[in-house]
Amino acid sequence: MRVLRHGPSLPDTGGRSGGQAQAMCQGGVSPQTLELVHLRASQINGCSACVFAGVAGAKKHGESDERLHAVAAWREAPFFSDEERAALALTEAVTRIADRSGKAVPDDVWNEAADHFDEEQLSAIILMISLTNSFNRINTTIEEPAGTTW
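Residue numbering for the sequence shown follows this note's numbering, beginning at 17 and increasing consecutively.
One or more of the hints may lead you astray.
[To be verified] The calculated label-pair distances, taken between Cβ atoms and stated as ranges, are:
| hint | residue 1 | residue 2 | range |
| --- | --- | --- | --- |
| 1 | G118 | Q38 | 32 to 38 Å |
| 2 | K76 | E159 | 23 to 29 Å |
| 3 | T156 | S97 | 28 to 34 Å |
| 4 | H77 | G163 | 26 to 32 Å |
| 5 | R91 | G118 | 17 to 23 Å |
| 6 | D123 | E159 | 35 to 41 Å |
| 7 | T164 | S117 | 35 to 41 Å |
| 8 | A93 | C41 | 24 to 30 Å |
No wet-lab data here; the hints were simulated from the structure.
By construction, the Cβ of each residue, glycine as well, lies at the ideal position given by its N, Cα and C atoms.
Start from the sequences and build out the full structure, keeping to the hints where you can.
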């Protein structure tokens, strides 16, 4: 069983999404990696509003068009570090939990992420994946169009 030894080690979020976002950003993961995580989960979930926002956010943090165009094919693209690949693999596993039998996140995916990120960073990444999946579901349900300002 996987347990973060000290529980999620992020500051108290107060149960609010704004507090969760703030805590996530204080988790020690680069904003570029968090934006890649957000973008990949949004691509998987088909949330055009979040993909649009994810690209805009990533560009604000200095991401290149070259890397952004390759996120959906990150395994085959040479543009991503081992750390980013571990975060993207974790993102795919967590986002697609219903697509597998057995463990939602295979041990090899978890172990690779744990090799690159400490507990606080893993907590931040998991929180980003969870928040993104939540907002993806809201936005796809209400058919939020890409490019809308929120």
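Comparing the hints with the structure gives:
no.	hint	verdict
1	G118 - Q38: 32 to 38 Å	35 Å, holds
2	K76 - E159: 23 to 29 Å	26 Å, holds
3	T156 - S97: 28 to 34 Å	30 Å, holds
4	H77 - G163: 26 to 32 Å	19 Å, violated
5	R91 - G118: 17 to 23 Å	21 Å, holds
6	D123 - E159: 35 to 41 Å	38 Å, holds
7	T164 - S117: 35 to 41 Å	37 Å, holds
8	A93 - C41: 24 to 30 Å	26 Å, holds
The structure does not agree with numbered hint 4 stated previously, though it agrees with all others.
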